[in-house]
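**Q** Listed in order, the protein sequences are those of chains A and B.
Quick note: the first sequence, position 227, residue 227 per the numbering used here, numbers continuous.
Quick note: the second sequence, position 15, residue 15 per the numbering used here, numbers continuous.
Please keep in mind that the hints were generated in silico from the structure rather than gathered at the bench.
The C-beta atom is built at its ideal place from N, Cα and C for all residues, glycine as well.
There may be inaccurate statements among the hints.
[As the list claims (entries may be wrong)] Straight-line distance between alpha carbons at most 25 Å, and here's what the computed SDA-like set of lysine to any residue pairs gives:
hint	chain 1	residue 1	chain 2	residue 2
1	A	K6	B	A304
2	A	K6	B	F155
3	B	K182	B	R209
4	A	K6	B	A296
5	B	K182	A	Q65
6	B	K182	B	L106
[Said to hold, decoys possible] If the Cβ cut is set under 8 Å, some of the chain B residues that face chain A in the computed set are:
hint	residue
7	L75
8	L84
9	S86
10	A104
11	G220
12	E260
13	V263
14	V265
15	L274
16	T276
17	V279
18	S284
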Amino acid sequence: MIRLIKRPTPSRGWIVATPVLAVIVTMIAGGIMFALLGKDPFEAIRIIFLDPLFDDRFAAYSRPQLLVKAGPLILIAIGLSLGFRAGIWNIGAEGQYIIGAICGAGFGLAFYPSENVLIFPGMVMAGALGGWAWAMIPGILKTRFRTNEILVSLLLVYVAEAILASAATNWLRNPDGAGFPGSRNLSRHAGTANPELLANTGMHWGVVAAFIAVIAAYVLLNKHVLGYQIKLAGQAPRAARFAGVNPTRLVLLCLGVSGALAGMAGLFEVSGPAGQISIDFNVGYGFTAIIVAFLGRLHPVGILLAGLLMALTYIGGELAQLMMGIPASAIQAFQGMLLFFLLALDVLSNYQIKFGREAVT
Amino acid sequence: MIDPITLITALIATSTPILLAAIGELVVEKSGVLNLGVEGMMIIGAVCGFMVAVGTGSPWLGFVAGMAGATALSLVFAFLTQVLLSNQVATGLALTLFGLGLAALLGEPYAGIIPPPTSDVFPQAMHAIPVIGPILLSHDIIIYLSVALVAATWFVLKHTRVGLILRAVGENHDAAHALGYKVVRIRVLAIMFGGACAGLGGAYLSLVRVPSWTEGMTVGAGWIALAIVVFASWKPWRALIGAYLFGGIAALQLRLQAAEIGVPVALLDASPYLVTIIVLVVISSDRSRAALNAPAALGRVFHATS
């Protein structure tokens, strides 16, 4: 007989250990999945997790990609983690990412072909505002009409995708593009580009913003009363109300911050690595960031590490696709599995496991 | 012009996958469990059903396989949330993310294949009866089954002992536990029922509604099913109305796009989702109704201390 006994507070040791354990278990389960696909599991795991960093043939290209891919994941996940801590579930970051990219790109293109240095900061502001506004829709509907923010934020992703399709094929289309869908290339125009800041590092303004967000979130959660209120609202909603936490303000703040960060991430992506607004420039970072937030235990430093790891699986996945013909979707399943194992193993941090029969008292 | 009779016929077919998923989720939520993985279970049902139907040539085996595949996935959710006591929101999201990835992986070799056709129930001659023929008699068995399922769910929840126990578990799991009901077992069964329904809906989508396999083909149907449960205030017949309302919008907007009237395509594409959001807002703004009908233990973790 196995019994679970709730710990008064989650075990600190297990909180750190479970993500590591979850990664190891996912590697084993992923290896089985690759074996079922008829691929050598050990080679696949090595190609995904080690070759992008250490293989001489690939490292020169792959290492900079680590920051390129981790930047948006970390930026979005930091925003999401604030809400998740307070029990506010913004799962539509993908939509806020798209709208932020469209608003920022639109701002930059409005001044084309000017190369004024103020244009790029303006684009970042516009991107953040766009994402913020898109997240305010579920925020206001939640605080004003008590509408479930999970469903509204998610459904708005599909609305954002419809707007993106129309922008790429219609009103943001490159007028010199011979009728092909897609906007002007932002990354190749000096006024709107988000360039690599240090050669061969992958560091662009989005990565800088991600690092700033990590530090800001750390300070907010540990030194500021607002961070305390966020944590309190998640752990003890009733106590939070007695302590004078304004739930309306908290919902709007958490959704607003996560929306603004996701919007900024979208703008950095579209003006840098992606280069232009196209129908499918978004590759699901908004959803993967949910996994990053949980894997990082909703803690800023954890999210930083989890974002780098998840970026590694993206790069390694591309490499495995190239080298072994492992389909790209296998990596998506792999990332989903990781979240499963993490949630399953969480039982160890929240409960003590006792074997044997309970003594009669 | 848009013919109302073909529109109604089309809306019934469009609504059925969502109706099936919604009725399953309604039972799950009535038992006090919030499973946000409907989208993932639907797409796994769609791909499993498609693979087996193409492999065996039988759409019926395909429907069974869709149900089985999604039920298997729902058991993962059941194990995590009921045995390992994980957070239901996070686990449901994981189910959706994992399901979308796994389905894309499994379905890769099946793109561009046409599945075996599903036969209609009534002979072709009966479809020709004016009005009633196309609207009521021109469908396949899954559509009739989905309506029968709504009736059965309503009857079981409202008029049987099983339904009473299920609702008791969903309203107050501690009280139900104290009365000797097996809370975890009942909830696992409800989750499996939800998985089977979502899987059947998914298989219907890939085998009849579309019919073909494309990656991510559910495009939010599972999330809309979740919204319809809220719209329905957890009442089966209202879920039917909600699903048909949504199907009506989806079918109508496709016809408006074909008619090329002066409405932007982006707005028409987004209209099913926008309408769902608006309906959610209207329902949730009525404080008394929303609060009265939601199962009281919805989404709460049950941990028996004795």
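**Q** Would you mind marking each hint as holding or not holding in the structure?
**A** Results of checking the hints against the structure:
no. : hint              : verdict
1   : K6(A) - A304(B)   : 10 Å, holds
2   : K6(A) - F155(B)   : 39 Å, violated
3   : K182(B) - R209(B) : 39 Å, violated
4   : K6(A) - A296(B)   : 23 Å, holds
5   : K182(B) - Q65(A)  : 51 Å, violated
6   : K182(B) - L106(B) : 36 Å, violated
7   : L75               : 12 Å, violated
8   : L84               : 4 Å, holds
9   : S86               : 4 Å, holds
10  : A104              : 3 Å, holds
11  : G220              : 5 Å, holds
12  : E260              : 15 Å, violated
13  : V263              : 12 Å, violated
14  : V265              : 7 Å, holds
15  : L274              : 6 Å, holds
16  : T276              : 6 Å, holds
17  : V279              : 10 Å, violated
18  : S284              : 4 Å, holds
In this structure, the hints that do not hold are numbers 2, 3, 5, 6, 7, 12, 13 and 17, in rising order.
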